[in-house]
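*Asks:* Each chain, written out:
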Amino acid sequence: MTSAATAAGDMGSVLAGVLQLVALVGALALVHVPVGTYMARVYSSEKHLRVERWIYKGIGADPDAQMRWPAYLRGVLAFSAVGVLFLYLLQRLQGVLPGSLHFTSVGPAQSFNTAVSFVTNTNWQSYYGEQTMGHVVQTAGLAVQNFVSAAVGMAVAVALVRGFARSRTGELGNFWADLVRGTLRILLPLSVVAALVLVACGVIQNFSGIHEVGQFMGSSQQWNGGAVASQEAVKELGTNGGGYFNANSAHPFENPTPFSNLFEIFLILVIPFSLTRTFGVMVGSVKQGYAILATMAAIWLGFTALMMWTEFAHHGPALQAAGGALEGKEVRFGVGGSSIFAVATTLTSTGAVDSFHSSFTGLGGGITMLGMQLGEIAPGGTGSGLYGMLIMAVIAVFIAGLMVGRTPEYLGKKIGGREMKLAACYILITPALVLVFTAASMALPTPRHSMLNPGAHGFSEVLYAFTSASNNNGSAFAGLNANTDWFNTMTGLAMLLGRFLPMVFVLALAGSLAGQRPVPMTAGTLRTEKPLFTGLLVGAILIITGLTYFPALALGPLAEGLAS
Amino acid sequence: MNNSAINTARLLGAGLRALLVLTLVTGVLYPLAVTGVAQGLFGNKANGSEITADGRVVGSSLIGQPYDLPSKKGQETPEPDLKWFQGRPANGLGTNSVNTRYKLLLSGATNLAADNKDLVRQVEDAKAAVVEDNSVPGYTVRPSQVPADAVTSSGSGLDPDISPRYADLQVHRVADRNGLSVARVRQLVADHTEGRTLGFIGEPRVNVLELNVALRELVSRS
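Note that the protein sequences, when read in sequence, are chains A and B. Each residue of the first sequence is one higher than the one before, starting from 2 at the first, in our numbering. Each residue of the second sequence is one higher than the one before, starting from 120 at the first, in our numbering.
One chain only, chain A, in its complex shape (with noise of 0.2 Å):
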């Protein structure tokens, strides 16, 4: 046993910690084939439930017309245009709105980036939740995007994997159809269920305005009421993450036991892991699914044993005068609970915290900005976590034909020029975005007033701040004082671009590969259900964020962590 082990606590603690992990494991296990499978069947399915017809009928969509994919990209961008709008003119008329507790107006920059940010999924936040928003933002607006978004993202996953899945048609299925199967068959019933266990352990759930409560030693505490547990439920599900209150999951009202912690934990991995069933599904081919599964549950597993080695560890000055990294945490999730949280809401879309990154060990830090670096694929965000990750098996299998010199193919489709362009410019907006927007912040001389801590870890938190954006992640080294005019407005660019640059570029490729005929598989096909194949794109997946992102890390959490 070392020493970090027993100031941290007690082997009690770290054990826990990995009881807590393997249970995580077994439970995603257990609904991993029949949530996967539900949702192939959901995206597959021919008929249409009486209440969807009666949304079509609003629409005023054919549910059954055949998109290719331009028109089903303009369905993506003009659904989330609206929902850009409509958001920011909900806050921006707050005053006026009645059930908003006299809540004024949110300002226009603040309004654009909280508008944008719950529409691209990432749930950056740069307001207080409990003294800005009132119950009809945060509950008819914040929270609608919350499943919409997630919806969005699912949509276009589905898409690309139609178009593995069919061939000789440019056709990926209806937008509208997808959209509102994903809200309706998916997101809704599973949040309906989460929100009770949520509130049976103690989350709240009402429409109380703002109250006073009686204190202990005399005098009150006054609190905002509203409907948390039903935005907590969808907010981890669909990987969005924008918190109730300021502290987000670390708040009781929205995380009250270790119990209600390892669920919420559960929810944001359950739908981007069992996605890969889906996938498996509707190519015909479950172990196609199990091959993209093992890559991202390895690189998640890995993540997490190095966060609660770093953290259980506690290097920096603070925390071994403290004698154990408890700053940001809370006493009833413990290091253990919090570092599985932290991974996963970084290798996912999510970005809700139930403890804050910014106190992390320097290390600690930067495995949360890894993680978001990867490009949030393991599992990734609901949706955008498949597509992406199918996207580096693209370029893995193309590494791989190299390597041998042959034609690659993956799922029976060549990976041409065309296919290569594509995906090539997916991997490539995200990390431009990041450091194009980290270099301006640091160059240019008032952005860095935002910053809350000196040397390294500042430069961190910017850049923490732009690759959470453009990875529409939403933590932050919440230190960093983001609601200002220019991190109001480049964060939102950054998550604007971040979220649908590659979505085109994922529509793209799905229309060419639908278009083409299958190639039939031979002899010297890479077998791309193989443990092999993992290997390579764990290989791949590490080696190009690594490149990318080396000098960056170099220069806050690696400088901050080999430090101390």
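Just so you know, the hints here were simulated from the structure itself, not pulled from any lab data. Please note that a few of the clues may not be correct.
[Unchecked claim] Below, in silico cross-link-like pairs of lysine to any residue (SDA-like), each with a Cα-Cα straight-line distance of 25 Å or less:
#, chain 1, residue 1, chain 2, residue 2
1, A, 48, A, 72
2, B, 192, A, 219
3, B, 246, A, 565
This structure is a prediction, so every number in the text was calculated from the model and none was measured.
Chain A is fixed; fit chain B onto it per the hints.
*Replies:* Just chain B now, kept in the frame of chain A:
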């Protein structure tokens, strides 16, 4: 208007109608239904797990609160009332800066880095205070005894719990200030210590408000 403008307008119209319908389902019906069931099945929890003692609400079992002496004039930070068990530091709480007609409790962490000198100072000061406050005649606290949760701010600033080690450290002081036996107070802490859920989920903890409510009851009875 040319064709593409008409098509774009038509598409945006479809998007708007889709958004409005889905808002009705997920932003109105869903939260109302969940609220209805939640209020019916778990009324107290859905409303914030309030605790009542002597016929008045004394807070929520989930939300940490200060146990301080009334502030004297000109005093910046209030002194802890050492009669009661103390919770964790909360240096990251925010102050209500918009919609200031309210004095809302704003959750938050310090976000100070592990190598930040201010944080090192906060931790060292807190440790010195814990040692001083809890050392009573016949019982001296050593700095190495002070657990990490006693000297660090939590993520929410509203952590309702402390570790059993921090509670144990306060037993002598609380017994001394309240004229109770150490054994009796230690028993009280043991009664209010919650282990890991199912033996492995989370960390053992003591809810400070529940402990203090029980302590007040004990003091008034003895």
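*Asks:* For every hint, state whether the structure bears it out.
*Replies:* So, going through the hints one by one against the coordinates:
1. Distance hint between residue 48/A and residue 72/A is fulfilled; the C-alpha atoms sit about 22 Å from each other, no more than 25 Å.
2. A threshold of 25 Å between alpha carbons decides the hint, and for residue 192/B with residue 219/A the separation of about 18 Å falls inside it, so the pair holds.
3. For a cut-off of 25 Å, the pair hint linking residue 246/B to residue 565/A stands: about 21 Å separates their Cα positions.
In the structure shown, no violation is registered for any of the earlier numbered hints.
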